[in-house]
Amino acid sequence: MISRASRVARVVVDTNVLLRAAVSPAGPAARLYASAKRGDFRLVLSPHLLREVRAGFFKPHFRSRYPVVPREIAIFLAELLVVGELVAGAFEVDLVPKDPKDNPIVASALEGDAGYVVTNDGDILTLEVVRVAGYRPIRILSDLKFLDLLRHGTA
Amino acid sequence: MARRRSHVEELLRKIEQLSEVEQCELLEGIILRTRSREQILEEADRIRAKLPRRSERVIKRDADAAIREVRRDLTRESRR
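Those sequence lines, one after another, are chains A and B.
Reading the first sequence from the start, the letters are residues 1 to 155 in my numbering.
Reading the second sequence from the start, the letters are residues 1001 to 1080 in my numbering.
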């Protein structure tokens, strides 16, 4: 019998979606995060992604709008770590020519054997599918599209 | 006892010298070692619930802007 854990999709979620999910109790990002917490899919994280989320909280404008102290930010990061699975962050790729800053997202997906990257970043979304020899293809989807797949049980 | 107290004070001094981001990383480690998954999820939900309510559109705009800024910083750092 195949266990549920081995059947669920492995997914890298872009940092702006993770940051939204951390401060929002509703909306697509929050629904996506709730799905990960339920185990509907396996959230794949990397040190780079965590670093971006952590730094995002500390940006003065963001912090003035969502006032949290370091202890509370630490709780959000710890939450991500108990929900997701952390890869070492050893991969480097050059697969997003339009915006090289997005390469670490795709690298995390390859390293974490993920089949999906969920993002609302147009530069990555235009890739649609990333194929690298020796790795499973990575589908790039928006949060809404991926939620649709989850709803229909096709992720 | 006095030696133990001075050791703790020394540690606290070191922690105070860390940046807020470094303090946050240290706290993450402590939280993960001392609390259960359920306790962490519950506390995160409690913090989320007390944050100001904003529309999803506004939250998206704020998060996108913060991450753009972070990526600009990281690019600048990597060029140094």
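In case anyone wonders, no lab produced these hints; they're calculated from the structure.
Careful: at least some of the hints might be erroneous.
As the list claims (entries may be wrong) - Listing some non-contacts, in silico: residues in chain B with all C-beta distances to chain A over 12 Å: (1) Arg1005; (2) Ser1055; (3) Ser1078.
To be verified - When the alpha-carbon atoms are kept at most 20 Å apart in a straight line, the in silico SDA-like pairs for lysine to any residue are as follows: (4) A/Lys59 - B/Ile1047; (5) A/Lys59 - B/Leu1018; (6) A/Lys37 - B/Arg1057; (7) A/Lys37 - B/Leu1018; (8) A/Lys59 - B/Glu1038; (9) A/Lys145 - A/Ala133; (10) A/Lys101 - A/Arg63; (11) B/Lys1050 - B/Thr1034; (12) A/Lys37 - B/Ile1031; (13) A/Lys101 - B/Thr1075; (14) A/Lys98 - A/Leu149; (15) A/Lys98 - B/Arg1079; (16) A/Lys145 - A/Glu128; (17) B/Lys1050 - A/Pro67.
What the hints assert, rightly or not - Output of the computed footprint for chain B on chain A, the stretches with three or more beta carbons under 8 Å from beta carbons of chain B: (18) 20-27; (19) 58-72.
Virtual Cβ for every residue (Gly too), placed ideally from N, Cα, C.
Inset, instruction - Sort out whether B/Thr1075 lies within 20 Å of A/Lys101, counting only the CA atoms. - result: Distance of about 7 Å is within 20 Å: holds.
Inset, instruction - Quickly compare the C-alpha distance for A/Lys101 and A/Arg63 to 20 Å and report which way the hint goes. - result: Not satisfied, since the Cα-Cα distance of roughly 23 Å exceeds 20 Å.
Legend entry - Pair hint outcome, A/Lys98 versus A/Leu149 [Cα-Cα no greater than 20 Å]: Measuring from Cα to Cα gives roughly 27 Å; hence the hint is violated.
Inset, instruction - Starting from A/Lys37, check that the Cα of B/Ile1031 is at most 20 Å away, please. - result: holds (18 Å)
Legend entry - Pair hint outcome, A/Lys37 versus B/Arg1057 [Cα-Cα no greater than 20 Å]: Cα-Cα ~23 Å, so violated.
Inset, instruction - Would you mind confirming whether the straight-line C-alpha gap from A/Lys59 to B/Glu1038 stays at or under 20 Å? - result: The given pair, whose Cα atoms are some 28 Å apart, is violated under the 20 Å limit.
Inset, instruction - Can you take a look at whether the region 20-27 of chain A is actually covered by chain B? Rule is 3+ residues, C-beta closer than 8 Å. - result: Since three or more residues must qualify, the claim that chain B covers the region 20-27 of chain A holds, with 7 doing so at under 8 Å.
Inset, instruction - Could you grab the alpha-carbon distance between A/Lys59 and B/Leu1018 and see if it respects the 20 Å cut-off? - result: Given that 20 Å is the threshold and the Cα spacing comes to 17 Å, the pair holds.
Inset, instruction - Given the hint that B/Lys1050 pairs with B/Thr1034, test it: the Cα-Cα distance must not exceed 20 Å. - result: Status violated; Cα separation ~24 Å.
Inset, instruction - Over 12 Å to the closest beta carbon of chain A is the bar; see if B/Arg1005 clears it. - result: holds (24 Å)
Legend entry - Restraint status (C-alpha distance of B/Lys1050 to A/Pro67 at most 20 Å): Answer holds: B/Lys1050 to A/Pro67 is near 10 Å, not above 20 Å.
Inset, instruction - Would you check the hint for A/Lys37 and B/Leu1018, treating anything up to 20 Å between C-alpha atoms as holding? - result: Violated, at about 32 Å.
In the structure shown, a violation is registered for the earlier hints numbered 2, 3, 6, 7, 8, 9, 10, 11, 14, in ascending order.
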